[in-house]
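J.: These protein sequences, in sequence, are chains A and B.
Quick note on numbering: the first sequence equals residues 1 to 341 in my numbering.
Quick note on numbering: the second sequence equals residues 1 to 287 in my numbering.
Please note that the accuracy of each hint is not assured.
To be verified - 27 Å max Cα-Cα, derived BS3-like pairs, lysine-lysine:
#	chain 1	residue 1	chain 2	residue 2
1	B	K180	A	K2
2	A	K30	B	K180
3	A	K52	B	K255
4	A	K2	B	K75
5	A	K218	B	K180
6	B	K226	A	K290
7	B	K89	A	K2
8	B	K256	A	K290
9	B	K71	A	K176
10	B	K82	A	K2
11	B	K80	A	K91
12	A	K91	B	K75
13	B	K245	A	K290
14	B	K75	A	K30
15	A	K91	B	K89
16	A	K30	B	K89
17	A	K290	B	K180
18	B	K75	A	K52
19	B	K245	A	K2
20	A	K30	B	K255
21	B	K71	A	K91
Stated by the list, open to error - Computed far set for chain B versus chain A, every beta-carbon distance over 12 Å:
#	residue
22	K80
23	I92
24	L97
25	G267
To be verified - Just some of the chain A residues that point at chain B, by a computed CB distance under 7 Å:
#	residue
26	Q7
27	G8
28	E10
29	T47
30	G50
31	Q258
32	V286
33	P331
34	G333
Derived from the structure by calculation, the hints contain no laboratory data.
Keep in mind that this is a model prediction, so the values were computed, not measured.
A virtual CB, placed ideally from N, CA and C, is assigned to each residue, including glycine.
Below are the chains, spelled out letter by letter.
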Amino acid sequence: MKPIILQGHERSLTQIVFNAEGDLLFSASKDSVVNAWYTSNGERLGTFGGIKGDGGHNGTVWTVAVDSQSRFLVTGAADNTMKLWDISTGKCLRTWEFLTAVKRVAWNEDDDTILSITEQRQGQPSVIRIFPINREDPTSQTDTPLTEMRLTGSKATVALFAPVSDYVITGHESGKVAKYDVKTGEEVNFVDDAHRGEITDIQLSPDGTYFITSSKDKTARLFDSETLEEMKVYTTETPLNSACIAPLRPYIILGGGQDAMSVTTTSSRAGKFESRFWHKLFEEEVGRVKGHFGPINTLAVHPQGRAYASGAEDGFVRVHWFDESYFRSRPFGDLEPEVEV
Amino acid sequence: MAAARPLKTDWAADDVDADELPAPSETTDADGITTIITWRLDEQDRKVKVTRRVRRRIQTQIVSHSVAERKHWAKFGLDKGKPSGPDRKTTIVGENLHFRIAPVSKAEPEAADPIAAKPLAGKAVVCRLCQGAHFTAKCPFKEQLAVVDSLNADGMDDGQEDDPSAGGLAPRGGTSTGGKYVPPGQRAGGGAGESMFRNRDDLPTLRITSLSVDADEDDVRDLFAKFGRIGRVSVVRDRETRESKGLAFVSFEEKKAAELAIQKMNGHGYDSLILNVAWSQPRGDRP
């Protein structure tokens, strides 16, 4: 397995995402630029922002999301704005301004609605807003959200639309996982002690019926999207920053490492800056991939399960295309069904 | 492979030649190796012939229409106007990683810090505070005695703690780093400096000759994996045909494993040939 190393950022990565076909990868970083890459050869398609006066972000880009047709990109940044971009040209189509930083954005399944989470700061509460997206005339978008959810308790750090586009599932700083109705904005279900630390990432399974959360409490957990019932727990020895569910094979990929604060005082060998593969059902670790020399901040898996990418505090993105042996592997022997590739 | 032609002495011929570089040519021989000859001018306006011999392999991949269409998009942003194909500045291919899915045994001890774990042979560690046999930073009476210590610090004889090795090791214990920057070489768990690409010369390497030409990297890895953890395997191949030359290098992570492998595998029969396994000589030491 030869990783493709993408060095298009000057600062640490915050989020990376594949598009629906897995031929493009988008990376957001603290250097205020979002890059688009061809995953097959690592060629950079272009940058969103980065040139003065072209309408790019002016601060850490915290989050990026792509629609299922690979037409539009949404980004949220620390300059208190959320932007909509045309992917084929790299042009900024629309900017929304808020009172605080945008920490997370996501598309719904129908590509006609997005959500944004704004940071809790300067007396402002953490707010989740749902905006409709006009796909016919992308430059004219409304400023009024469909729904606005002002959170009173712990602030939300991550969110996604699930199940389907009717609900939003959120992960909170306190470790709480909650589910909101998109139309009414009401909390319909919650688990207060889903995690014992801040939830750092949430990613959906290929069919959308369950999702994974990673947390600073060193665990990643699988939950049912419908009932929020905990299904599996993966316990590691480092705080986790990201987790994803690999399609095609029964594996979970986890990434983390100790806090960015203490990176300069530990070696990469002791820092555990590896992507870890866990067996989804048996909750056992089945492999590790080395390479980064900073904690892994974000992981993304190819939607068809052919590759995965990791972005780290060291400013690099590494794209790994799986070998033949990965698809044939049966780490627990006869307990697992024979695989046909 | 560049052959420079001597500078033209005739001033009249110079001008004409400079404009008329021979057209680049491409020929493919029976082995499927393409020879590309191109001409260019160097800084002193001399003609330089560049010959490249490459083997082209076409990889066909079936993708959906939307993916194929996206492949032809023009670049934008900072990459606007750049030619297609990966740019060396932003994209590099890393070293081959050996990644195999297999249960990770829990019994395997955590990669112990080799420096901290090693008992300080022959070095008497004396606590500055209580004179016990431990580092000052780990003193159980730190809180109580630190106050007293700071009061009469000036009057104390610093003979013992001036030992440079003991002083340098103390922060490696990990308790007293206190968020300060520690150079990579002195960090807990770290030996020498670290880089993204592992140094090839620091691992004990074996040279395997009279290897079957059908054996590839994975076969060699399987053959030697039972002796210990393997860092790198490379099979020497013909530059053009990519056929094995029957020579391979295996780098172990531990010297002991490499020694055992020589003992067991030298003279071992493999695929109708008898393996010859010996230490690999570094490039500089070879006769």
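J.: Look at each hint and say if it fits the structure.
T.: The hints, checked one at a time:
1. K180/B - K2/A: Measuring from Cα to Cα gives roughly 35 Å; hence the hint is violated.
2. K30/A - K180/B: 23 Å, holds
3. K52/A - K255/B: 55 Å, violated
4. K2/A - K75/B: With Cα atoms ~26 Å apart, K2/A and K75/B stay inside 27 Å; holds.
5. K218/A - K180/B: Measuring from Cα to Cα gives roughly 25 Å; hence the hint holds.
6. K226/B - K290/A: Cα-Cα ~22 Å, so holds.
7. K89/B - K2/A: 18 Å, holds
8. K256/B - K290/A: Since the Cα atoms of K256/B and K290/A sit roughly 24 Å apart, the hinted pair holds (cutoff 27 Å).
9. K71/B - K176/A: Violated - the C-alpha atoms of K176/A and K71/B are around 42 Å apart, more than 27 Å.
10. K82/B - K2/A: 25 Å, holds
11. K80/B - K91/A: 12 Å, holds
12. K91/A - K75/B: 12 Å, holds
13. K245/B - K290/A: Judged against 27 Å, a Cα distance of about 31 Å means the pair is violated.
14. K75/B - K30/A: 22 Å, holds
15. K91/A - K89/B: Cα-Cα ~24 Å, so holds.
16. K30/A - K89/B: OK: K30/A and K89/B at ~20 Å, within 27 Å.
17. K290/A - K180/B: At roughly 26 Å apart (the allowed maximum being 27 Å), K180/B and K290/A satisfy the hint.
18. K75/B - K52/A: Measuring from Cα to Cα gives roughly 17 Å; hence the hint holds.
19. K245/B - K2/A: OK: K245/B and K2/A at ~23 Å, within 27 Å.
20. K30/A - K255/B: The given pair, whose Cα atoms are some 43 Å apart, is violated under the 27 Å limit.
21. K71/B - K91/A: 18 Å, holds
22. K80: Given that some Cβ of chain A is not farther than 12 Å from that of K80/B, nearest at about 7 Å, it is violated.
23. I92: The claim is violated: I92/B sits with its nearest Cβ about 5 Å from chain A, within 12 Å.
24. L97: Given that some Cβ of chain A is not farther than 12 Å from that of L97/B, nearest at about 5 Å, it is violated.
25. G267: The claim holds: G267/B sits with its nearest Cβ about 30 Å from chain A, beyond 12 Å.
26. Q7: 6 Å, holds
27. G8: 5 Å, holds
28. E10: 12 Å, violated
29. T47: 3 Å, holds
30. G50: 5 Å, holds
31. Q258: 11 Å, violated
32. V286: 5 Å, holds
33. P331: 5 Å, holds
34. G333: 10 Å, violated
When the structure is compared with the earlier hints, violations turn up for hints 1, 3, 9, 13, 20, 22, 23, 24, 28, 31, 34 and for no others.
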